[in-house]
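According to the numbering used here, the sequence shown is numbered sequentially starting from 3.
Just so you know, the hints here were simulated from the structure itself, not pulled from any lab data. Beta carbons: idealized from backbone N, C-alpha and C, even for Gly. Among the hints, erroneous ones may be present.
Stated by the list, open to error - For lysine to any residue, the following SDA-like pairs were computed, each having C-alpha atoms within a straight-line distance of at most 25 Å:
1. Lys53 - Ser40
2. Lys116 - Asp104
3. Lys87 - Thr65
4. Lys86 - Arg72
5. Lys86 - Asn58
6. Lys17 - Tyr47
7. Lys21 - Ser40
8. Lys18 - Ala46
9. Lys87 - Gln74
10. Lys86 - Ser68
11. Lys56 - Val90
12. Lys87 - Thr77
13. Lys30 - Arg13
14. Lys21 - Gly44
15. Lys18 - Thr38
16. Lys95 - Leu62
Claimed, not checked - Each pair of labels, with its calculated beta carbon distance range:
17. Asp104 - Leu33: 54 to 62 Å
18. Leu62 - Lys87: 19 to 27 Å
19. Met96 - Tyr27: 38 to 46 Å
20. Thr36 - His110: 55 to 63 Å
21. Asp104 - Gly44: 36 to 44 Å
22. Lys86 - Gln106: 18 to 26 Å
23. His103 - Gln61: 14 to 22 Å
24. Gln106 - Tyr49: 37 to 45 Å
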Amino acid sequence: MPRVKGGPQTRQRRKKRLKLASGQYGGKSKLFRTATESVDKGQAYAYTGRKQRKRNFRQLWVTRISAAVRAQGVTYSQFMNALKKANVLLNRKMLSEMAIHDPQGFSHLVSSTKGDGQPVAA
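Take the sequences, apply the hints, and build the full model.
Here's what the structure looks like:
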């Protein structure tokens with residue numbers, strides 16, 4: 003059997019890697035080895051960045067909710083505890099949106115969770 007060197011596959015793999023590295027500075031976009039290192043590092047950063055984005059958004063929502071409920075004399079933890087006890091199934095993203103775009107509805111929600119923990123039918 004003849005020897006197969008696999009030239010087209012190698013060239014294809016290298017072109018693919020160099021295309022991913024396009025836009026990098028200097029040898030990082032031209033040389034295969036440095037391009038590979040750069041692409042690997044970039045993909046690792048992209049992965050962690052996707053996780054951090056989720057974390058940062060949750061942090062933002064919590065801050066917004068906290069600011070909105072503090073204006074009404076309640077702490078964030080008290081409010082969230084009251085919501086949990088009242089079986090209100092709104093996530094932090096929706097609560098944050100409510101606090102910004104529907105302040106009246108949000109204040110009604112906060113006032114219903116104040117008091118003895120028994121919610122008013124909303």
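Each hint, compared with the structure:
no.	hint	result
1	Lys53 - Ser40	holds, 20 Å
2	Lys116 - Asp104	holds, 19 Å
3	Lys87 - Thr65	holds, 21 Å
4	Lys86 - Arg72	holds, 18 Å
5	Lys86 - Asn58	holds, 23 Å
6	Lys17 - Tyr47	holds, 22 Å
7	Lys21 - Ser40	holds, 12 Å
8	Lys18 - Ala46	holds, 18 Å
9	Lys87 - Gln74	holds, 19 Å
10	Lys86 - Ser68	holds, 16 Å
11	Lys56 - Val90	holds, 23 Å
12	Lys87 - Thr77	holds, 15 Å
13	Lys30 - Arg13	holds, 18 Å
14	Lys21 - Gly44	holds, 13 Å
15	Lys18 - Thr38	holds, 10 Å
16	Lys95 - Leu62	holds, 9 Å
17	Asp104 - Leu33: 54 to 62 Å	holds, 55 Å
18	Leu62 - Lys87: 19 to 27 Å	holds, 25 Å
19	Met96 - Tyr27: 38 to 46 Å	holds, 43 Å
20	Thr36 - His110: 55 to 63 Å	holds, 59 Å
21	Asp104 - Gly44: 36 to 44 Å	holds, 41 Å
22	Lys86 - Gln106: 18 to 26 Å	holds, 23 Å
23	His103 - Gln61: 14 to 22 Å	holds, 20 Å
24	Gln106 - Tyr49: 37 to 45 Å	holds, 41 Å
Checked against the numbered hints above, the structure breaks none of them.
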